Amino acid sequence: MHTNKLGGGVQALLYTMVHHERLITVEEIARAVGCEPPTIYEYLNAKPIIPVAVLKAVFERTADPRLKRALEPAGWRLVPDDQVVETAHDIEADLGDVHIAAGALHQAVREARAANSDGGGEITIRELDGLEKQANEVERQLADVRAHLKELRAETESRQTARLAVPGKQAVASIRGVD
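Those letters in the sequence shown? Residues 1 to 179, by the working numbering.
Derived from the structure by calculation, the hints contain no laboratory data.
Mixed in with the good hints there might be a few duds.
In the SDA-like style, the derived pairs of lysine to any residue whose C-alpha atoms are separated by at most 20 angstroms in a straight line are [claimed, not checked]: (1) K47 with Q11; (2) K56 with H19; (3) K56 with E27; (4) K68 with E21; (5) K56 with D94; (6) K68 with H19; (7) K68 with I50; (8) K150 with V98; (9) K68 with Y15; (10) K47 with G34; (11) K133 with A102; (12) K56 with R31; (13) K47 with C35; (14) K133 with D94; (15) K133 with H99; (16) K56 with I24; (17) K68 with V52; (18) K56 with T16; (19) K133 with V79; (20) K47 with A70.
Cβ pair distances, simulated, as ranges [what the hints assert, rightly or not]: (21) H20 with K150: 49 to 55 angstroms; (22) E42 with A143: 49 to 55 angstroms; (23) F59 with E139: 40 to 46 angstroms; (24) L131 with E72: 43 to 49 angstroms; (25) A147 with E27: 46 to 52 angstroms.
For clarity, every value in this text was computed on a predicted model and none was experimentally measured.
We put the CB at the ideal spot given by N, CA and C, even for glycine.
Please build the complete structure, drawing on both the sequences and the hints.
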């Protein structure tokens, strides 16, 4: 179960929403999360870590702007599950691989140009062969990133097209230019 260590302020807000403002009941949250009401009472009263499922259940049912503000750090925004792109590839990790390969190439160039290298500061044919292999690895890693970006674009455009095609709903965005 995913958890959120916001505790404190969010916990106090949830407590207020349930017990004072009566915007949602403990029973409603428990049903939505799939647990017993005493578990929800523990989260509201004592447990410092609130499961994401509890936060999601409360927000989905109340759309309370205070909860939204507490859950959206600067530069972030909450989005519905159907708008989240789940990709099998971690582009950031792939970019790290590009960085590592480029760093290895950079180091190999420095070593080949060093005065104590095989060529005495001049790059030899054997060293050039090695540098070309390392440059090819940089290109291969970058090609992986490009392929993953292309896949992500296709998934995103497909999802946005599907959102526009919901019967009975007004189109909410164009296929291109959606943030």
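| field | C-beta pair F59, E139: status relative to the range 40 to 46 angstroms that was hinted | value | The hinted range 40 to 46 angstroms holds for F59 and E139, with Cβ atoms some 45 angstroms apart.
| field | Supplied distance hint 49 to 55 angstroms, evaluated on CB atoms of E42 and A143 | value | holds (50 angstroms)
| query | Is it true that the CA of K150 sits at most 20 angstroms from the CA of V98? | reply | holds (17 angstroms)
| query | Using the C-beta atoms of A147 and E27, is the stated range 46 to 52 angstroms upheld? | reply | holds (48 angstroms)
| Holds or violated: K68 with E21, Cα cutoff 20 angstroms? | Holds, at about 17 angstroms.
| Under the criterion that the straight-line Cα-Cα distance not exceed 20 angstroms, is the pair K47, G34 satisfied? | Given pair K47, G34 holds - Cα atoms ~18 angstroms apart, limit 20 angstroms.
| task | Would you check the hint for K56 and R31, treating anything up to 20 angstroms between C-alpha atoms as holding? | result | At roughly 13 angstroms apart (the allowed maximum being 20 angstroms), R31 and K56 satisfy the hint.
| Within 20 angstroms, alpha carbon to alpha carbon, are K47 and Q11? | holds (9 angstroms)
| request: Take a quick look at whether K133 and A102 sit within 20 angstroms of each other, Cα to Cα. | output: The given pair, whose Cα atoms are some 12 angstroms apart, holds under the 20 angstroms limit.
| said: Please verify whether K47 and C35 have alpha carbons no more than 20 angstroms apart. | reply: This hinted pair holds, its Cα atoms lying about 15 angstroms apart.
| message | Between the alpha carbons of K68 and H19, is the straight-line distance 20 angstroms or under? | response | holds (19 angstroms)
| Is K47 close enough to A70, meaning Cα to Cα at most 20 angstroms? | Cα-Cα ~18 angstroms, so holds.
Violation of the numbered hints given earlier is confined to hints 5 and 19; the remaining hints are satisfied by the structure.
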